[in-house]
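**Student:** Work the whole structure out from these sequences, hints included.
Numbering follows our numbering, in which position 76 of the sequence shown is assigned residue number 76; successive positions increment by one, without gaps.
All clues stand as given, with none of them false.
Have a look at the derived ranges for each label pair, beta carbon to beta carbon: (1) Ala112 / Lys71: 43 to 51 Å; (2) Leu8 / Leu97: 39 to 47 Å; (3) Lys103 / Ser66: 44 to 52 Å; (4) Lys71 / Lys96: 38 to 46 Å; (5) Phe227 / Arg177: 41 to 49 Å; (6) Leu97 / Ser74: 31 to 39 Å; (7) Ile37 / Glu87: 16 to 24 Å; (8) Lys219 / Leu302: 20 to 28 Å; (9) Tyr222 / Lys305: 15 to 23 Å.
Heads up, simulated EDC-like pairs for lysine to aspartate or glutamate below, C-alpha to C-alpha not over 20 Å straight-line: (10) Lys294 / Glu211; (11) Lys43 / Asp102; (12) Lys293 / Asp178; (13) Lys71 / Glu81; (14) Lys307 / Glu212.
The hints are simulated quantities; they were obtained by calculation from the structure and are not laboratory data. We treat Cβ as the ideally placed atom computed from N, Cα and C, and that holds for glycine.
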Amino acid sequence: MACSDVSLLLSTIHIALQQSKKSLKDLTSLLPVDKGISLLSLKSHLFLSYLHNLVLLILVKIRGESISEGKYVSIVERLIELRIILEKGVHPIETKLRYQIDKILTIVEKHAASEETHSEKIDALSYKPNPTSLVSEDTLNFKDELHKRDIYRPPKISSTLPSEFVEHRSRPNHTLRDFIASEMSLAPISEPSIGSNILSYGKRLHSASTEEQRNLERKRQYEEENFIRLPKENKRNKRKHQDFVFGGEDWRILDNEIYYPPLIKEGLVSKSLKRTEDQDDNVVGSFGVDFRKKKKALAKKLKSKTKKK
Numbered sequence: 001m002a003c004s005d006v007s008l009l010l011s012t013i014h015i016a017l018q019q020s021k022k023s024l025k026d027l028t029s030l031l032p033v034d035k036g037i038s039l040l041s042l043k044s045h046l047f048l049s050y051l052h053n054l055v056l057l058i059l060v061k062i063r064g065e066s067i068s069e070g071k072y073v074s075i076v077e078r079l080i081e082l083r084i085i086l087e088k089g090v091h092p093i094e095t096k097l098r099y100q101i102d103k104i105l106t107i108v109e110k111h112a113a114s115e116e117t118h119s120e121k122i123d124a125l126s127y128k129p130n131p132t133s134l135v136s137e138d139t140l141n142f143k144d145e146l147h148k149r150d151i152y153r154p155p156k157i158s159s160t161l162p163s164e165f166v167e168h169r170s171r172p173n174h175t176l177r178d179f180i181a182s183e184m185s186l187a188p189i190s191e192p193s194i195g196s197n198i199l200s201y202g203k204r205l206h207s208a209s210t211e212e213q214r215n216l217e218r219k220r221q222y223e224e225e226n227f228i229r230l231p232k233e234n235k236r237n238k239r240k241h242q243d244f245v246f247g248g249e250d251w252r253i254l255d256n257e258i259y260y261p262p263l264i265k266e267g268l269v270s271k272s273l274k275r276t277e278d279q280d281d282n283v284v285g286s287f288g289v290d291f292r293k294k295k296k297a298l299a300k301k302l303k304s305k306t307k308k309k
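**Tutor:** Printed below as a string of structure tokens:
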């Protein structure tokens, strides 16, 4: 490189530095940097320091001095340090704060543009929910009073209906009502005559299976609607049910197992229960026998329902 070219380059750098110095003085007088974003100020200072060290490195190279050893090694180390701070420190923080910085800049631009055009941009975050709008002013005033009294009250966001007192009614006991009507009442009871409630040639009682008839009707309707045949009742259960029902009468009274059960060794609990039943029979007499039979039949029905489910 000729001496004339070096002198021309140095004169150009000198003129550029004078102009930049003048422009920087004008900027400091125009812009209040102390109230700006500190990250951007730090970034500007780092860039300025990097440029200073870079110009110094160029001057050292123009003089022909060595930068790998001697007193000018610190210039290269300083440039590396500034480059690492800019790339690994400032840039990631600036990326994370990009939205806040852009928002502040748009606010400044809006404020400057509103003086001329009075136009505003819609911010997407302006549509975020505002929980205070759900609470009336009276509630807020009441909360302020409670805070003054140092009394804690849980917040009420949505209105709720006051709790009403509902009177609890106990369900009627049909078993007890049937027992009173059949055993303790002296009024005559109308009952169907023998053979008037026979169906299927005396093989089934009409009064004994109202629920069974409902199940059969439901089964028939399901078969007709879906065009399928459901599995029939087990032959053993059907035979057991029909053994003692004939001619409209229940002949299970002739079954000896009811009166002479098989000899099984009873435990202490069953003996004590049997003893209490015998004592109750002696006290009450015979007018609780039907009630116990009905109670036993209802227990069997409930047991069969649970098995079906």
